[in-house]
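Undergrad: Listed here are the chains, written in short residue letters.
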Amino acid sequence: MQAERTFIIADLTAFAELSGDFNPLHTDPVAARRTQFGECVAHGVFVLMWALDSLQAQSGSTKHWAKISAKFLRPVKAGLKVTATAKEKSASEISVTVSEAGRVLLQCDVTCAESNFGKKITSARNEIPPRAIPAEARIETTTTGEALDLFWPDKLGVKLFPALAAAQSPDSLAALLASTQVIGMKVPGEHSVFLSLDIAFTPHPAITQPFTYRVAEYRKSSQRLGVAIAGTAGHGMLWALVRPAPVAQPDMAAVMQRVPEDRFRDRRVIVIGGSRGLGEIAAKVLAAGDAEVALSYRLGGDDANRVVTDITARDGKATAFQLDTACADWEKNLAANCAQFNHLCYFPTPPIVGGDGSTFNTELFEKFCNVYVAGFVNVAQWLAKQNAGQFSVFNASTVYVESPPLRNLEYAAAKAASEACCRWLAAAYPKARVYAARFPRLNTDQTASFLSAGEHDNLETMLAELSAWLPT
Amino acid sequence: MTVDELLQPMLNTTVPLRPTDSRETIPAWDSLAQINIVAAIEDAVGVELSTAEVLSLKSVAKVVEVARSHGLELTINAS
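Protein chains in written order, with my numbering: chain A, 1 to 472; chain B, 1 to 79.
Take the hints with a grain of salt, since some may be wrong.
[As the list claims (entries may be wrong)] Facing chain A, from chain B, some residues (calculated, C-beta under 8 Å): (1) ASN12; (2) VAL15; (3) PRO16; (4) THR20; (5) THR25; (6) ALA28; (7) SER31; (8) GLN34; (9) ASN36; (10) VAL47; (11) GLU48; (12) LEU55.
[Unchecked claim] BS3-like cross-link-like pairs, simulated, lysine-lysine; straight-line CA separation at most 25 Å: (13) LYS332/A to LYS317/A; (14) LYS62/B to LYS220/A; (15) LYS62/B to LYS63/A; (16) LYS63/A to LYS155/A; (17) LYS332/A to LYS367/A; (18) LYS63/A to LYS186/A.
[To be verified] Sample of chain B residues lacking proximity to chain A, with all beta carbon distances greater than 12 Å (derived): (19) MET10; (20) PRO19; (21) ASP30; (22) ILE35; (23) VAL38; (24) ALA61; (25) GLU65; (26) ARG68; (27) GLY71; (28) ASN77.
Keep in mind that the hints were calculated from the coordinates and are not lab data. The beta carbon of each residue, even a glycine, is placed where N, CA and C say it ideally should be.
When you get a sec, could you build the whole thing from the sequences and use the hints?
TA: Below you can see the structure in the form of structure tokens.
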């Protein structure tokens with residue numbers, strides 16, 4: 001049996017309403033871009049329940065679940081077309097796999113009950129769970145559980161999972177929904193990645209027991225949290241990764257200690273993509289050296305304002321403006337915000353995702369080129385026109401141009417193309433100063449790993465490159 | 001248990017794994033895959049790996065070595 005689906009953000013929001021798991025990783029594209037995945041991903045339990053619903057609809061089975069063991073191996077990103085496949089291991093056991101182009105994303109084993117559960121005494125409330133804000137990471141183990149109300153809002157549940165709603169106990173469905181709410185909203189909460197679940201469902205007893213969860217184990221070396229759940233519906237263990245928070249760059253106080261106060265005096269610099277990461281550090285280094293900075297953002301207005309506030313609070317000169325070089329009004333936006341500027345630092349990037357390492361992904365290459373090549377040349381030429389060819393450009397390239405990593409050929413090739421553009425600009429505008437900096441792997445949202453940080457000093461590296469671009 | 005049984009689903013490959021295979025040769029061997037490998041070993045041996053062991057799991061040879069040090073023999077199928 002097989003089923004296919006593409007999850008879109010509207011689907012993820014509907015599931016968030018059903019489950020109460022409003023973790024921004026699933027529902028907020030601006031916040032999700034600062035996670036290790038770079039964009040919104042589907043709730044693992046959503047993908048699991050969709051696969052089970054599709055396969056249950058096809059098989060016509062009405063058997064209740066006795067046990068579900070699932071591993072959420074890879075993220076299911078919004079927009080990705082996935083395939084669910086089921087194999088019968090025995091009369092009561094099914095193995096379910098969700099994959100994308102042969103890559104396994106989710107693995108699940110389902111054991112069905114020998115006989116369906118008896119009279120339905122449900123502890124799940126037939127209403128939408130209240131909307132809450134995810135908790136900060138909590139890792140302390142406890143011996144007593146915290147209570148959580150179970151919800152199975154029948155109307156929305158039937159809409160999203162009709163076959164499961166018809167066949168399974170509301171308590172079993174509510175327990176599955178509660179598992180994602182526990183991980184995404186409670187423990188670890190906001191900075192979490194759901195890794196696996198094992199739930200044994202029990203026939204309904206005569207009396208109901210409250211559903212509880214508690215942190216049973218914390219594995220510090222791999223940053224994993226084991227959460228025990230128990231209640232009328234069953235009991236089990238959930239494992240989640242405590243995801244590192246978005247990478248914070250040095251603040252202005254730290255930057256000003258390292259940058260001579262007049263190092264970039266009288267420079268007026270447009271920093272494209274200056275709301276976070278390398279662009280954020282560049283904006284701060286330039287402002288700390290007394291340059292006037294206009295930094296742009298595409299989505300992260302709050303991040304850009306945070307950077308501007310940090311700079312201006314220490315008497316630096318900075319403003320922020322929204323710019324998307326793929327939108328028709330980009331020239332108008334630039335003209336309105338950067339009329340008197342003649343320097344450009346170019347840092348914007350799409351999520352730096354890898355290819356499959358064996359074939360060249362043209363679509364991915366084009367996605368990078370739209371930003372690194374087309375966007376870069378367009379903005380640089382606009383600046384050339386504004387300043388009669390007397391301007392200065394800094395392009396953020398990468399050492400990966402020299403030795404592309406296995407997974408990042410498309411990224412490295414697009415950056416190499418941006419360097420070719422630098423050489424072209426230098427030839428086309430003899431009065432211009434064009435500089436391409438090959439950065440090593442620095443510590444940013446784009447390079448953040450679940451296990452280790454970058455090895456270089458972001459601030460020192462940026463100061464050296466900007467100084468090489470604008471010598472005294 | 002064989003290396004392939006343990007690692008292939010996490011590394012999105014059906015090709016028999018060799019001791020020299022690593023993060024440099026297997027595209028899917030990223031930090032999330034590394035954590036899933038840690039979880040699989042810890043589930044099998046019942047103890048928590050040290051931070052040094054967790055960070056070292058970047059090649060098939062190292063996975064075999066760490067598993068063996070905790071009493072889990074992983075055999076290699078690769079011909």
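Undergrad: If a hint holds in the structure, say so; if it doesn't, say that too.
TA: Checked hints:
{"no.": "1", "hint": "ASN12", "verdict": "4 Å, holds"}
{"no.": "2", "hint": "VAL15", "verdict": "11 Å, violated"}
{"no.": "3", "hint": "PRO16", "verdict": "16 Å, violated"}
{"no.": "4", "hint": "THR20", "verdict": "14 Å, violated"}
{"no.": "5", "hint": "THR25", "verdict": "7 Å, holds"}
{"no.": "6", "hint": "ALA28", "verdict": "7 Å, holds"}
{"no.": "7", "hint": "SER31", "verdict": "4 Å, holds"}
{"no.": "8", "hint": "GLN34", "verdict": "6 Å, holds"}
{"no.": "9", "hint": "ASN36", "verdict": "6 Å, holds"}
{"no.": "10", "hint": "VAL47", "verdict": "10 Å, violated"}
{"no.": "11", "hint": "GLU48", "verdict": "5 Å, holds"}
{"no.": "12", "hint": "LEU55", "verdict": "6 Å, holds"}
{"no.": "13", "hint": "LYS332/A to LYS317/A", "verdict": "22 Å, holds"}
{"no.": "14", "hint": "LYS62/B to LYS220/A", "verdict": "20 Å, holds"}
{"no.": "15", "hint": "LYS62/B to LYS63/A", "verdict": "43 Å, violated"}
{"no.": "16", "hint": "LYS63/A to LYS155/A", "verdict": "22 Å, holds"}
{"no.": "17", "hint": "LYS332/A to LYS367/A", "verdict": "23 Å, holds"}
{"no.": "18", "hint": "LYS63/A to LYS186/A", "verdict": "31 Å, violated"}
{"no.": "19", "hint": "MET10", "verdict": "6 Å, violated"}
{"no.": "20", "hint": "PRO19", "verdict": "18 Å, holds"}
{"no.": "21", "hint": "ASP30", "verdict": "8 Å, violated"}
{"no.": "22", "hint": "ILE35", "verdict": "5 Å, violated"}
{"no.": "23", "hint": "VAL38", "verdict": "4 Å, violated"}
{"no.": "24", "hint": "ALA61", "verdict": "18 Å, holds"}
{"no.": "25", "hint": "GLU65", "verdict": "17 Å, holds"}
{"no.": "26", "hint": "ARG68", "verdict": "18 Å, holds"}
{"no.": "27", "hint": "GLY71", "verdict": "18 Å, holds"}
{"no.": "28", "hint": "ASN77", "verdict": "18 Å, holds"}
Comparing the model with each numbered hint stated earlier shows that hints 2, 3, 4, 10, 15, 18, 19, 21, 22 and 23 do not hold.
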